[in-house]
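Whole structure, please, built from the sequences with the hints as guidance.
Residue numbers (the working numbering), protein chains in the order written: chain H, 1 to 116; chain S, 1 to 232.
Hints are not guaranteed to be accurate.
Below are the BS3-like pairs computed for lysine-lysine, each with C-alpha atoms no more than 27 Å apart in a straight line [claimed, not checked]: (1) K171(S) / K6(S); (2) K82(H) / K171(S); (3) K171(S) / K81(H).
Covered, in the sense of this in silico footprint (three residues per stretch, anywhere, with C-beta under 8 Å from a C-beta of chain S), are these stretches of chain H [as the list claims (entries may be wrong)]: (4) 8 to 16; (5) 43 to 57.
Don't read these hints as lab results, they were simulated from the structure. Glycine is no exception: its CB is placed at the ideal position from the N, C-alpha and C atoms.
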Amino acid sequence: MADVNIAYMIIGCALVTFIPRLIPAVFVDKLNFGPGFEKFLNLIPFTALAALICPGVLTVDPNIWYIGLAGAIVAAALAWKKVPLGAIVIITVIALIILYSVIPYFGVIAALFAFI
Amino acid sequence: MIYGIKKGIPITFGYVPMGIGYAALAIKAGLNPIETVSMSFFVFAGAGQFMAVSMLAGGASLIAIVLTSFVVNFRYFIMNFVVYNKVEESNLPLNILSAHLVVDESFAIFSLLEESSIWIYIGLAGIAFLSWVFGAAIGVVLLDFLPVIVTNSFNIALYALFVAILVPSVKRSSRICIMVVITGILNYVLQFFIANWSVIAATLIGAAIGMYIVPDDDLSADNQEISSEEVI
Numbered sequence: 001m002a003d004v005n006i007a008y009m010i011i012g013c014a015l016v017t018f019i020p021r022l023i024p025a026v027f028v029d030k031l032n033f034g035p036g037f038e039k040f041l042n043l044i045p046f047t048a049l050a051a052l053i054c055p056g057v058l059t060v061d062p063n064i065w066y067i068g069l070a071g072a073i074v075a076a077a078l079a080w081k082k083v084p085l086g087a088i089v090i091i092t093v094i095a096l097i098i099l100y101s102v103i104p105y106f107g108v109i110a111a112l113f114a115f116i
Numbered sequence: 001m002i003y004g005i006k007k008g009i010p011i012t013f014g015y016v017p018m019g020i021g022y023a024a025l026a027i028k029a030g031l032n033p034i035e036t037v038s039m040s041f042f043v044f045a046g047a048g049q050f051m052a053v054s055m056l057a058g059g060a061s062l063i064a065i066v067l068t069s070f071v072v073n074f075r076y077f078i079m080n081f082v083v084y085n086k087v088e089e090s091n092l093p094l095n096i097l098s099a100h101l102v103v104d105e106s107f108a109i110f111s112l113l114e115e116s117s118i119w120i121y122i123g124l125a126g127i128a129f130l131s132w133v134f135g136a137a138i139g140v141v142l143l144d145f146l147p148v149i150v151t152n153s154f155n156i157a158l159y160a161l162f163v164a165i166l167v168p169s170v171k172r173s174s175r176i177c178i179m180v181v182i183t184g185i186l187n188y189v190l191q192f193f194i195a196n197w198s199v200i201a202a203t204l205i206g207a208a209i210g211m212y213i214v215p216d217d218d219l220s221a222d223n224q225e226i227s228s229e230e231v232i
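Here's what the structure looks like:
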């Protein structure tokens, strides 16, 4: 492990995160946007979420890439069925705990299918 | 404000488990419990904190960690621009006090709401902040009792929330769907060339492409339907 002073790290991260947050909050009135730029800003939540999901979701478990994909599919299916947000998160976490518990038996299940 | 807190409750379900997941990673990386919780309090950046403590565990230098945090968290600059553009009555002290609260989820929910009062935003974003810090605090206490499978499963909470926020809009507008898919692929490809810059680059390029392919109607219809629908 590198010899990093953790207090400095926290202070550094806090500053570089807070300053970009503060600038628009203070100067918002000084800047006027045209309708085109407003549309651009309206599109950003969608693209930001897309960029955060892909490919980050594949590294939820660095050793098993499909764990995150499985979770995303469960969450997408539930959202498609209009399940409330909070319930989607809880059900997805539970689904993954179940998936993790059955993974060790995949070999056995595959063998069973081969046998049948 | 109560209304905002209500809208923020789904975030709580995502943030408490995620905070626990972060605490697990931070402790493994060598932070003590107080450092773990105070980082959540002072930095308040979901993915950014995960990245910072993983880099610390991987032996990165202080400069690299802070610089990466800046890059990964720079999206809050754009998000706050959207937020404070949207709030009706701009009030400098309130803006300054609430500036720290912006994160992806509170931003996404607030920007899709029809209402635009600063107090609704503070309720929404404040409850997200509290659950994130609270999650980290629970994490450092509970860590010894939780099996690895459970803490690993908590890591999905963030992505489940992202997916769940996106799906209704994607379902309604095929053009938004195309833009989202293009952005995802773009980010996947770009990360090989520009590593951590790819999230910001893909977000901006994706939205620029959206300017041409997403009709204005798809966005306004979207706003109305989201706000009329009960989130919880």
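Let me make sure I understand: some of the numbered hints might not hold for this structure. Which ones are they, in numerical order? Structure breaks no hint.
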